[in-house]
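Chemist: Using the sequences and the hints given, assemble the complete structure.
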Amino acid sequence: GEDVEQSLFLSVREGDSSVINCTYTDSSSTYLYWYKQEPGAGLQLLTYIFSNMDMKQDQRLTVLLNKKDKHLSLRIADTQTGDSAIYFCAEIGAGSYQLTFGKGTKLSVIP
Amino acid sequence: DTGVSQDPRHKITKRGQNVTFRCDPISEHNRLYWYRQTLGQGPEFLTYFQNEAQLEKSRLLSDRFSAERPKGSFSTLEIQRTEQGDSAMYLCASSLDSPIQPQHFGDGTRLSIL
Numbered sequence: 001g002e003d004v005e006q007s008l009f010l011s012v013r014e015g016d017s018s019v020i021n022c023t024y025t026d027s028s029s030t031y032l033y034w035y036k037q038e039p040g041a042g043l044q045l046l047t048y049i050f051s052n053m054d055m056k057q058d059q060r061l062t063v064l065l066n067k068k069d070k071h072l073s074l075r076i077a078d079t080q081t082g083d084s085a086i087y088f089c090a091e092i093g094a095g096s097y098q099l100t101f102g103k104g105t106k107l108s109v110i111p
Numbered sequence: 001d002t003g004v005s006q007d008p009r010h011k012i013t014k015r016g017q018n019v020t021f022r023c024d025p026i027s028e029h030n031r032l033y034w035y036r037q038t039l040g041q042g043p044e045f046l047t048y049f050q051n052e053a054q055l056e057k058s059r060l061l062s063d064r065f066s067a068e069r070p071k072g073s074f075s076t077l078e079i080q081r082t083e084q085g086d087s088a089m090y091l092c093a094s095s096l097d098s099p100i101q102p103q104h105f106g107d108g109t110r111l112s113i114l
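Sequences listed follow chains A and B, in order.
In terms of this note's numbering, the first sequence opens at residue 1 and continues consecutively.
In terms of this note's numbering, the second sequence opens at residue 1 and continues consecutively.
Hints were generated in silico from the structure; no laboratory data involved.
Warning: the hint list may mix true and false statements.
Straight-line Cα separation of at most 25 Å, DSS-like style, residue types lysine-lysine; simulated pairs [claimed, not checked]:
1. Lys-106/A x Lys-36/A
2. Lys-71/B x Lys-36/A
3. Lys-67/A x Lys-103/A
4. Lys-103/A x Lys-57/B
5. Lys-71/B x Lys-57/B
6. Lys-57/B x Lys-11/B
7. Lys-14/B x Lys-103/A
8. Lys-56/A x Lys-68/A
9. Lys-103/A x Lys-36/A
Please read these numbers as outputs of a predicted model, since none were measured by experiment.
Modeler: Have a look at this one:
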């Protein structure tokens with residue numbers, strides 16, 4: 001089946017930028033998503049990008065998509081302690097309604 | 001916008017018992033999805049509904065699992081004869097009727113099997 005891969009851990013200092021990376025295998029991916037999950041909670045939609053775009057910016061968040069390499073990244077500017085959470089990359093293929101998720105990247109922000 | 005609501009938040013039960021979870025989607029959303037998330041993993045798709053019709057089921061959804069959405073509003077997920085491996089977070093999501101509309105998730109029901 002299709003696969004989404006993420007590194008499992010990232011640690012940054014408060015005020016620095018965080019970059020979370022994701023690779024996927026589904027060449028028919030139409031939309032790619034970033035969700036945030038805090039302990040014991042559900043998933044909060046952060047942002048998403050259509051596969052014919054290469055960049056999207058939303059306040060402190062910047063998403064970059066390299067469709068040729070099937071690589072997606074999420075940059076968080078001026079990272080705060082409240083950004084500490086697990087970040088999931090997800091994709092949805094053409095004609096599908098199923099989200100396929102990576103295992104998540106745990107972001108730890110050091111004060 | 002009240003968001004997706006799930007009940008209960010936590011359920012502890014003995015192996016072999018039946019459990020039922022409820023999901024109330026965002027009111028104007030006609031698509032509703034169920035996912036399962038085990039520890040250290042991302043959510044995995046179980047099934048989804050368009051209005052009251054169940055349109056797709058994952059191979060993860062064994063015959064002990066049944067989902068309904070009788071009036072196209074709230075949905076229930078029932079697990080019969082629970083097993084240890086059913087321990088997980090069960091997440092519900094909803095969206096408008098288009099693949100380009102993002103899925104919005106509830107806070108989930110955490111199921112623990114003793």
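Chemist: Could you tell me which of the hints above the structure violates, numbers in ascending order?
Modeler: Numbers 2, 7 - these are the hints that the structure violates, sorted from lowest upward.
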